[in-house]
Amino acid sequence: MANNGPVNNKDKQANDKKDVSRRQFLKNSGYAAGGVVGGALLGGLISNPFQTEETAGTDENTQAKEPLQEARTFFSRSEDFQTLAAATERIYPENENGPGAIELGVPYFIDKQLAGFWGSNSRDYTKGPFDPKASDTHGFQSKLNRGEMFLVGLRRMQEVSQEQHEEEFFDLDGEAQDDILVSFESGDVGVTGMRSETFFELLRQTTIEGVYSDPAYGGNKDMQGWEMMEYPGPRMGWMDDIEAEDFVSKAPKSLRSYQGGGL
Amino acid sequence: MAKKLDKVDVVIVGVGWAGGIVSAEMAKAGKKVVALERGEHKKRSDYIGVKDELRFDNRYQIMQDLSGETITSRNNIDETALPVRTRTNMQVGTDLGGGSVHWAGATYRYWPYEFEIRSQTIDRYGEDKIPEDMNLQDWGITYEEMEKYYDKWEKTAGISGEQDPLAPERENPWPTPPLKETPGLKLFKEAAKNLDLHPFQIAAGNLSEQYENPDGQTINACMYCSFCTRHGCDFGAKSDPLQTVIPTALEHDNYELRTRAYVRRVLYDDDNKKATGVMYVDERTGEEFEQPADVVVLSGFAFTNNRLLMLSDIGEQYDPETREGIIGRNFNGQYNSAFNGSKGFFEDKKFNLYMGAGALGAAVNDYAADNFDHADLDFIGGGAIELRQYGFGAISSSNNVPKDTPSWGAQYKEDSLHYAYRTLQIWYSPLAMSYWHNYLDLDPTYKDEYGDPLLRATYKFGDQERNIAKFGVERCHEIMEEMGADIIEDDEVPEEFDHSFTGGHYTGGVVMGDDPETSAVNNYLQMWDVDNLFVVGGSAFPQFGGHHPTPTIGALAYRAAEGIEKYMDDGGQLAEAKRQTQKA
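Chain order of the listed sequences is W and C.
When you line the first sequence up against the working numbering, it's residues 1 to 263, in that order.
When you line the second sequence up against the working numbering, it's residues 1001 to 1584, in that order.
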């Protein structure tokens, strides 16, 4: 695993330019109600109280094309979800390599993960006493489960954003968002019930999982994460190719395809 | 009040490789057997169509559910241990077949030297070579005695291998030919040869061709699909108990398997020094049962075997203050942090790293066991240097970035996409020693779902662990350099164990030997002071050899099965105790 570290300044500047247009795109697409690529997905991220009403039933064709799985089933407050989305996009940004976390559906992937067994740590040892800050080598020691950690962590990010900039986290420019993420990553922020770096690592790891796991889980939309990496997805096997001298590049297939699809 | 069931000849607790082998052998011998497995009754069809990295590699689908039970961990005797709470840090098998279902398949026999490591170290280097705090012990069995059991296990498993040029002669060839060679493996082998080392293809429990074992069970040919380690096999191509010994046992009417049966106690008659059976809970109903038996076999994971003896108050618990007692002593293992080496990044090469199999790899044993002179080295023993092509999923491949790449953001994205298939890792997997200060006991604070104390692991590295790892990293670096990597990054050897119990290589605590003062079981894995109790599995390792543990666990299980039959015929202790001066 690579050392964690902030992006360097040159990269940051390059990112920032993209980021401004990205946020503009986000806002525009929210009002455009699904009219552009990713718009339907992004629509839910924008705090426009009229949007749902405007979208619903206005255009049956548009609505039929909307991915019906993309609705929050874990996060209640929309501003928590917007903060999450903005943070994941900084971790895996859209750039010349291809789409970023938001377009890949990562926020919804995380929402679904947190709504399931993993989010409530139901297969982990959760009996007390707890000592989340006693040791930095003992792994997860929080009384909070992962879902609670996300809520506490994201709201702390919102607080820090207000304290430092008097703005919502998701309205900050990319550089300012990165600075807050770095402060969490380095353990410099006090957070109730956990270490801030534990939260950051959870956020980072879950974002990467959302980019690259099978689309069955709601991320890696249209297998674009796999396409960027030239990962072919699950196949019967590679008996015929395993000795190949050259790189074998194949369009990805998903678990649904591997299983034969349908019933 | 537990419901008392009819007595059987043998009750077996835990059905992985060890319990599966004992199951098959006892069933074939016509014994009335009940095997108790706390996990689900898994079959191959549970793994068909589920090639899913997130579910198995990141969410640990087939690892133990820790909500009911885990272990606690600390480095030092005066620290408070904390529970290992998540499966990220505790990857031990569960369900029928146990850890064997998710093992990668790398197959090495331990070396003659490793079975007699204390005697041979003293012979060659003198007693001063052994650090004072190390409990270095012979196994009470020689390689020559082990050979036929290794052979039997390898035939049952159908292992695909080629002869390691440095390894001792084998009585028989490997049952099936080696797996195919990939460009990455070729590169490793060529580089090793250039350095006058002796590379060979790792023997694999992922089979190169379809094979029928001596029990009549068929194992299929590996498809190199890459969903292997931490996964069950889609094709029935992995050498695991689900494909071999468990179906053999189930063919016999005198064998009964009960799953979701969680054994909480070994029942013990202190006056006669005999185990009388076990008490278990049906996890689906909560009902308690007492299963009486003439012979009790504990064949769970090392943690389970230790904990059951401690909860049942059988044998004397090891006390590090007095250094007296035997159960929990010599807790050892090849911790994940023992796999240190060198990572290479290649600008001009792109390998098909998404293809692979668990034990698809190449190795050299020039720095294994006592194959090299240790006179001027600050450690004992050695291990294999391996290059493996497991076949990685996309999440895993995204970690293939040089150290100076940030772990997130645009640069991360750029570099991770670039290097995903341009990264090879070589590592050294050395043996791991036992020390007086490393042991298992019951935790004073944390409890399981039934209110019983959790097992507590107290473990820290000795100087040996750090020294041998540094040596190994240097050797890996030399090979990686010869392979022509553009960027070479050496692993930083950790100063101390980090409580991450990944990889499944945890052993000891109920160790074998020929001196009851330093061992709990004889070389049939029969307890010295309880003749009808056999404790089978990795719990018997006095220290960890320089290779993966499964083949030795399999071989010892065949040895134990032979012993159990002998005991049922003749009774009594099967081995004569030798009082020695082994005590550290």
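Hints in this document: simulated from the structure, not taken from any laboratory.
Possibly wrong hints are sitting among the right ones.
[Stated by the list, open to error] Taking lysine-lysine pairs in the DSSO-like style, the calculated list, with each CA pair at most 30 Å apart, reads:
#, chain 1, residue 1, chain 2, residue 2
1, C, Lys-1186, W, Lys-250
2, W, Lys-133, C, Lys-1186
3, C, Lys-1447, C, Lys-1403
4, C, Lys-1152, C, Lys-1180
[Said to hold, decoys possible] Restraint-style ranges between C-beta atoms, simulated for each label pair:
#, chain 1, residue 1, chain 2, residue 2, range
5, W, Asp-222, C, Glu-1414, 18 to 28 Å
6, W, Gly-260, C, Met-1001, 30 to 40 Å
7, W, Glu-201, C, Thr-1080, 23 to 33 Å
8, C, Leu-1250, W, Lys-143, 39 to 49 Å
9, C, Glu-1132, W, Thr-192, 19 to 29 Å
10, W, Gly-98, C, Asn-1399, 17 to 27 Å
11, C, Lys-1273, W, Arg-256, 52 to 62 Å
12, C, Glu-1145, W, Lys-143, 28 to 38 Å
[What the hints assert, rightly or not] Here are some, though not all, of the chain W residues that point toward chain C, as calculated from beta-carbon distances under 8 Å:
#, residue
13, Thr-73
14, Ser-120
15, Asp-124
16, Tyr-125
17, Asp-173
These numbers come from a predicted model, not from an experiment.
Ideal placement from N, C-alpha and C gives every residue a C-beta, glycine not left out.
We went through each hint and held it up to the structure:
no., hint, in the structure
1, C:Lys-1186 to W:Lys-250, "holds, 24 Å"
2, W:Lys-133 to C:Lys-1186, "violated, 47 Å"
3, C:Lys-1447 to C:Lys-1403, "violated, 40 Å"
4, C:Lys-1152 to C:Lys-1180, "holds, 24 Å"
5, W:Asp-222 to C:Glu-1414: 18 to 28 Å, "holds, 21 Å"
6, W:Gly-260 to C:Met-1001: 30 to 40 Å, "violated, 51 Å"
7, W:Glu-201 to C:Thr-1080: 23 to 33 Å, "holds, 24 Å"
8, C:Leu-1250 to W:Lys-143: 39 to 49 Å, "holds, 44 Å"
9, C:Glu-1132 to W:Thr-192: 19 to 29 Å, "violated, 47 Å"
10, W:Gly-98 to C:Asn-1399: 17 to 27 Å, "holds, 19 Å"
11, C:Lys-1273 to W:Arg-256: 52 to 62 Å, "holds, 59 Å"
12, C:Glu-1145 to W:Lys-143: 28 to 38 Å, "violated, 52 Å"
13, Thr-73, "violated, 18 Å"
14, Ser-120, "violated, 10 Å"
15, Asp-124, "holds, 5 Å"
16, Tyr-125, "holds, 4 Å"
17, Asp-173, "violated, 14 Å"
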